[in-house]
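Q: Chain A is already provided as a structure; the job is to place chain B with the ligands on it using the hints.
In the order they appear, the protein sequences are chains A and B. If you read the first sequence in the working numbering, its first letter stands for residue 12, the second for the next number, and so on. If you read the second sequence in the working numbering, its first letter stands for residue 81, the second for the next number, and so on.
Because the hints were derived from the structure by calculation, they are not lab data. Note that the structure is a prediction, hence the values are computed from the model and not measured. Cβ coordinates follow ideal geometry from the N, Cα and C atoms, glycine included. It is possible that some hints are incorrect.
Non-contacting residues of chain B with respect to chain A, defined by C-beta distances greater than 12 Å in every case (computed) [to be verified]: (1) 121; (2) 223; (3) 383.
Just the calculated beta-carbon pair ranges, DEER-fashion [said to hold, decoys possible]: (4) A:12 / B:267: 30 to 38 Å; (5) B:463 / A:76: 39 to 47 Å; (6) B:369 / A:48: 20 to 28 Å; (7) A:43 / B:252: 37 to 45 Å.
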Amino acid sequence: MRHTISVLVENKFGVLSRISGLFSGRGYNIESLSVGETIDPQVSVMTIVTAGDDWIIEQITKQLNKLIDVIKVVDMTELDHVEREMVMIKVAPRQEDKAEVLRITEIFRGRVVDSSQKTYTIEITGDEKKIAAILELLKPMGIKEFVRTGKIAISREGIKKS
Amino acid sequence: MKISGAEIFIESLKKEGVKYLFGYPGGVVLNIFDLLHDEKDVQLILTRHEQGAIHAADGFARATGKAGVALVTSGPGATNTVTGIATASMDSIPLVVFSGQVPTMLIGNDAFQEADIVGITRPCTKYNYLVKDVKDLAEIIKEAFYIATTGRPGPVLIDLPKDVTSGKADFVWPETVDMRTYKPTYEGNRYMINQAAHMIAKAKKPVIVAGGGVISSGASKELKELAEHTDIPVTMTLMGLGAFPGSHKLSLGMPGMHGTYFANKAIQESDLLVAVGMRFDDRVTGKISAFAPNAKIVHVDIDPTSIRKNVRVDVPIVGDVKKVLQSMNKVLREEVKEQWGEVRKAWLKQIGAWKAERPMSYDKDADIIKPQYVIEKIHELTKGDAIIATEVGQNQMWTAQFYKFDKPRTLLSSGGLGTMGYGFPAAIGAQFAFPHKLVIDVAGDGSIQMNIQELATAVINKLPVKVAILNNRFLGMVRQWQELFYQERYAHTKLEETCPDFVKIAEAYGAVGLRATKRSEVEPVLKEAFSIKRPVFMDFVIDWKEKVYPMVPAGAAIDEMLFLEQTKKSEKKLKAVK
Ligand SMILES: Cc1ncc(C[n+]2csc(CCOP(=O)(O)OP(=O)(O)O)c2C)c(N)n1
Ligand SMILES: [Mg+2]
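Just chain A, with the same shape it has in the complex (with noise of 0.2 Å):
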């Protein structure tokens, strides 16, 4: 199964390195990674995503705690918790197909944040299955390029997963 990990470390120098490389020793698979600082500078959150049975998980948990620059490590999976995902397409429809383009943007909440005569570049943000929709529809359009920032997660506040 799937999970969704969020870390938080010193922000370091080679503490990504520590973590990709606990990762890759062990043969453990990393679906995509995010990281950033948080309030605190000397802090960073990753948040990882990967896949594996429930003591492939536990193995993953136990062993990211075990390295010393990890402050925490909750695996958000286990909580109620917003899951996000920016990505950015570039679109080069055919011009029949343009109007569809940015009709389907606009059902998604997307934005276009570039355009040139033969492309879009559309900005969406949102959850994992909203994202394969919109790919989904625009796909037949003709995507040029597509980049993804990796899936950040938090938790919700006052309520826990039964």
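A: Then chain B with the ligands, alone, in the frame of chain A:
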């Protein structure tokens, strides 16, 4: 007053109580070496290879329980330490390794003798540092010793750019370390400990499996109390030998691939395994799915990642082995009232029967030297009061099987990584810690050639260290596999034609060389060697055909053992060929 980074380095080592520093010089560590020239309290021991320096520091650490310390130069000096660091890492040995580095402004430029040693050693250290500012140096050193020696111990590397050791700062030694990210769990969970104690009370066929964690936490006394109070037999992994007395009536010896028949049988039949400070290495478990099929498992370890990594566990207890066993013993004494003698009678009788059925044995009448005989003689003559290092291969397994380790920290052996060339420098390191103890490296003719240059270190420092080479003119352990599983095709394992004269090598370095070629010569050679207060190489020309038995073939269950007599047939065939 501001002092140089090199001075801070030395002052910090003094604060940590470091007396010996094993190392090798080079350009970027000259600032430090220059100071060491006049230094009295911290002594640099020059080895003849950086790998030797790390293994020596490791041997010192295993024998004393303190961190071993080493200092090497950048580039090749640093990369030469990697095998030693990985060896210590696999066996959870506390080391602090200092490597020189090119000046900070050159880092990343592929400068002369630059290697990204922090990157290279990241997966085989517990933690590592690149010091970028001399102001951080004292604090980093303090932290490094703390990390290396607490929790599950391990090696820590500190990379020191040349401008950091020449730069100046105030020397401020932090008296304590408080890291928000590193807080090992020492106290075990009460509820779990209680549960384990009650499972012990209920178990009919319990076995304790003791590992290196018992030794690193100093819990031998507590382990003995547990075993004796509840009459539970104890098997010790290679790393755990000495954690419980090998000559104790409850001892089962070592389990696993070359374990005793009775240890493996007991594990497979048991209904409760109490695993303490061990990590279920594949050499111990054999085929995992067939391991201890009827047993519930209580697993005590300070490292949570060791628990449920390889085997299912019923009662996990994260904590320091010593503390956990103290609490467990208390519960057993106060809350669980059993007539243990009665409860265990049948189980101990069964174990006695297994011991009688297949004791550890070899051909004791042979005129040719049997390696097991040499080990037994060493044990007999030293009365077990020695520190024994081993190399890797058959020599290591025979030592583990036939020397009865009664005390912790008396065996120095590379278990996890299985590093040939480990034993001799490790013995040298231990001899520095215990100058008056008998320290013996049991070696193979292959392994000893991997760090034979350390003879110079032993000679110049007048160390009475002894090396007993079990010379079979083969990479024996590999040959054993070739004989059993590769149709006796001895690809590149025969060293005979090029086997050097070890007696002459010893003499060339200024040490003493002795040789025994038949059984009757073994004891005189050992006695003579032990009476000489200088380094001695003993060349025991042993039966090359001798194999390590019992043996569990890779991938088989641990009770699917091969024994000597089952393979006698193939040996006959061998003779015909010769
Ligand atoms: C550095 C290293 N290289 C290779 C091996 C693989 N290996 C394991 S045992 C062994 C043979 C060791 O030969 P020797 O030292 O003569 O010991 P023996 O088995 O003959 O007692 C080898 C090559 C190893 N353990 N370590
Ligand atoms: Mg050999």
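Q: For every hint, state whether the structure bears it out.
A: Right, here's what the structure says about each hint:
Separation of residue 121 (chain B) from chain A is adequate, the least Cβ-Cβ distance of about 30 Å exceeding the 12 Å criterion. Annotated as non-interface, residue 223 (chain B) brings its C-beta within 12 Å of a C-beta of chain A; the closest such distance is 9 Å. Annotated as non-interface, residue 383 (chain B) brings its C-beta within 12 Å of a C-beta of chain A; the closest such distance is 7 Å. Residue 12 (chain A) and residue 267 (chain B) have their C-beta atoms about 33 Å apart, which keeps the hinted 30 to 38 Å range intact.
Between residue 463 (chain B) and residue 76 (chain A), the C-beta spacing of about 46 Å keeps the proposed range 39 to 47 Å intact. Take residue 369 (chain B) and residue 48 (chain A): their Cβ atoms lie about 46 Å apart, and the range 20 to 28 Å is violated. The given range of 37 to 45 Å is respected by residue 43 (chain A) and residue 252 (chain B), whose C-beta atoms sit roughly 43 Å from each other.
Checked against the numbered hints above, the structure violates hints 2, 3, 6; every other hint is satisfied.
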